[in-house]
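Asks: These protein sequence lines are chains A and B, in that order. Heads up: the first sequence begins at 4 in the working numbering, then just goes up one per residue. Heads up: the second sequence begins at 3 in the working numbering, then just goes up one per residue.
One or more of the hints may lead you astray.
Claimed, not checked - Restricting the straight-line Cα-Cα distance to at most 20 Å, the calculated cross-link-like pairs of lysine-lysine (PhoX-like) are:
no.: 1; chain 1: A; residue 1: 100; chain 2: B; residue 2: 203
no.: 2; chain 1: A; residue 1: 100; chain 2: B; residue 2: 181
no.: 3; chain 1: B; residue 1: 75; chain 2: B; residue 2: 127
Said to hold, decoys possible - Okay, the calculated beta carbon distance ranges per label pair:
no.: 4; chain 1: B; residue 1: 164; chain 2: A; residue 2: 47; range: 51 to 61 Å
no.: 5; chain 1: B; residue 1: 192; chain 2: A; residue 2: 55; range: 19 to 29 Å
no.: 6; chain 1: A; residue 1: 41; chain 2: B; residue 2: 189; range: 55 to 65 Å
no.: 7; chain 1: B; residue 1: 51; chain 2: A; residue 2: 61; range: 51 to 61 Å
no.: 8; chain 1: A; residue 1: 179; chain 2: B; residue 2: 186; range: 47 to 57 Å
These are calculated hints, taken from the structure and not from any lab test. Bear in mind that the values here come from a model prediction, so they are computed numbers and not experimental data. Beta carbons: idealized from backbone N, C-alpha and C, even for Gly.
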Amino acid sequence: MGLKELMNKGSGTDPKLVYDYDPDSNQPFVTTSLDFLVNWGRANSLWPMPFGTACCAIEFMASAASHFDLARFGMERMSFSPRQSDVLICAGRVPFKLAPVIRRIYQQMPQPKWVISMGACASTGGMFDSYAVVQGIDTIIPVDVYVPGCPPRPEGLIYGIMMLQKKVREERMSNESIRDEMMPDPLSQLYIPASRIDELSEPFGNSVHQTRSAP
Amino acid sequence: MSSDLETQDHGAPTFAIVMPGQPGDNPTTPKNVPHKGGAVNPSVDDLRVKFGAAIGRHEVGWGETTVYVERTKVREICAWLQSDPSQSYEYLSDVTAVEYRDQVRPIEVVWHIRSLKFRRFLRLKVELPKDGKTPLDVPSVWPVWKGADWLERECYDMFGITFAEHPDLRRILLWEQYKEGFPLRKDFPLRGRFSRAEQLKNALAADPEARYSMEEISVLEAFTDLPADMRKRLGGGEKVGE
Chain A
4 MGLKELMNKG SGTDPKLVYD YDPDSNQPFV TTSLDFLVNW GRANSLWPMP
54 FGTACCAIEF MASAASHFDL ARFGMERMSF SPRQSDVLIC AGRVPFKLAP
104 VIRRIYQQMP QPKWVISMGA CASTGGMFDS YAVVQGIDTI IPVDVYVPGC
154 PPRPEGLIYG IMMLQKKVRE ERMSNESIRD EMMPDPLSQL YIPASRIDEL
204 SEPFGNSVHQ TRSAP
Chain B
3 MSSDLETQDH GAPTFAIVMP GQPGDNPTTP KNVPHKGGAV NPSVDDLRVK
53 FGAAIGRHEV GWGETTVYVE RTKVREICAW LQSDPSQSYE YLSDVTAVEY
103 RDQVRPIEVV WHIRSLKFRR FLRLKVELPK DGKTPLDVPS VWPVWKGADW
153 LERECYDMFG ITFAEHPDLR RILLWEQYKE GFPLRKDFPL RGRFSRAEQL
203 KNALAADPEA RYSMEEISVL EAFTDLPADM RKRLGGGEKV GE
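Could you put together the complete structure from these sequences and hints?
Replies: Structure representation (structure tokens):
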């Protein structure tokens with residue numbers, strides 16, 4: 004059985020869908036796995052949704068500008084609409100007042116979607132261990148890559164983006180669980196247990212001395 | 003910098019009170035101002051003549067005059083300072099409050115006002131004793147300076163001081179459903195009163211759209227989703243602020 008017959012046989016019922024390949028034409032072709040092809044496309048065209056709230060956003064803008072040129076990574080299109088974006092880059096501290104906003108933005112993003120937490124404040128609350136600041140956005144939404152720094156240099160962010168690209172390349176369609184939407188508990192709106200949030204938000208370092216109030 | 007300022011004796015800095023368009027009206031920028039003492043803003047004497055016992059002590063620090071006034075007379079005093087042609091304090095630059103880390107020292111409410119015409123700066127203060135009996139309540143100066151609207155809302159938000167007859171006194175920086183108290187009070191713990199999980203739960207449970215006024219979202223369908231007090235406030239369709 005020649006190649007033409009093989010392709011016709013595997014095409015199902017609709018003959019129009021068959022790619023009419025003539026083995027005698029000597030046209031070159033490549034075979035690959037679908038995972039590789041899809042991940043190659045996804046990893047090299049991640050459209051960021053910038054969620055810049057503080058000084059990290061300045062570094063993010065520098066990364067996007069000509070000197071560091073995020074366009075090299077297929078990220079030249081900043082998507083200021085969550086519906087058209089793939090990766091949420093949270094650059095800066097998130098106060099509690101913004102917590103429902105960033106959650107809403109994340110929920111509006113279509114799958115597949117990823118999150119980069121840029122800088123100390125977005126990752127842990129940083130130096131802002133106060134009544135108003137979320138102690139790490141991973142208590143609100145799942146995070147894929149944490150970029151340390153205060154703020155991180157553009158090289159740091161780019162390294163984080165390359166780590167995310169590596170993660171995207173290693174995804175397999177056969178693993179259906181990676182596209183599961185994490186639904187928060189309808190009662191508490193939390194998606195991880197309250198005890199773990201308290202544990203993650205424990206004061207550390209100099210923060211433990213900050214609890215004083217009036218005598 | 004005018005040259006005659008350089009030659010002045012800086013032991014007693016002078017208040018340059020001049021009328022625009024008259025000779026010698028170059029803006030003077032006092033240098034070497036003493037920490038305590040110095041020339042008193044002449045408005046203080048005018049206030050004493052006009053309001054008598056309602057005006058308390060005054061002090062001068064870094065060339066700026068602070069005068070303590072009676073709580074109930076604040077609006078009357080401010081209205082006079084704003085409208086009287088000899089004062090013309092047309093600009094309210096700040097309304098805030100101070101609480102000291104001291105159990106007896108009273109909470110102070112502070113107004114910073116400025117007369118552009120006479121280049122005067124005056125700081126009014128009202129003392130609210132922390133005896134548990136005095137309400138943290140002062141008259142709103144919104145009828146005098148419309149700019150007081152958000153300043154007083156911020157002061158209410160952070161200190162819990164209420165401004166009587168303010169047209170729309172509600173939280174401005176924190177969200178309206180915030181239950182933990184007033185963050186700049188000295189008895190407020192830095193991390194807030196609730197646990198982190200509780201804070202996050204409260205923050206996430208609220209509907210983001212419901213935080214904004216009808217004017218801001220301009221979606222009539224959202225009206226029924228608003229909190230009850232906000233529905234009441236916006237219910238008549240009339241604008242309550244200015």
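Asks: Work down the list of hints and note, for each, if the structure agrees.
Replies: A quick look at each hint next to the structure:
Only pairs whose Cα atoms come within 20 Å are accepted, and residue 100 (chain A) paired with residue 203 (chain B) is accepted, the gap being roughly 12 Å. Restraint check: the Cα-Cα separation between residue 100 (chain A) and residue 181 (chain B) comes to about 13 Å, which is no more than 20 Å; the hinted pair holds. A threshold of 20 Å between alpha carbons decides the hint, and for residue 75 (chain B) with residue 127 (chain B) the separation of about 12 Å falls inside it, so the pair holds. Our hint of 51 to 61 Å for residue 164 (chain B) and residue 47 (chain A) holds, since their Cβ atoms are close to 58 Å apart.
About 26 Å separates the C-beta atoms of residue 192 (chain B) and residue 55 (chain A), a value consistent with the hinted range of 19 to 29 Å. Evaluation of the 55 to 65 Å hint for residue 41 (chain A) and residue 189 (chain B) yields a pass: the beta carbon distance comes to about 57 Å. About 54 Å separates the C-beta atoms of residue 51 (chain B) and residue 61 (chain A), a value consistent with the hinted range of 51 to 61 Å. Remark: the range hint 47 to 57 Å for residue 179 (chain A) to residue 186 (chain B) is upheld by a beta-carbon distance near 51 Å.
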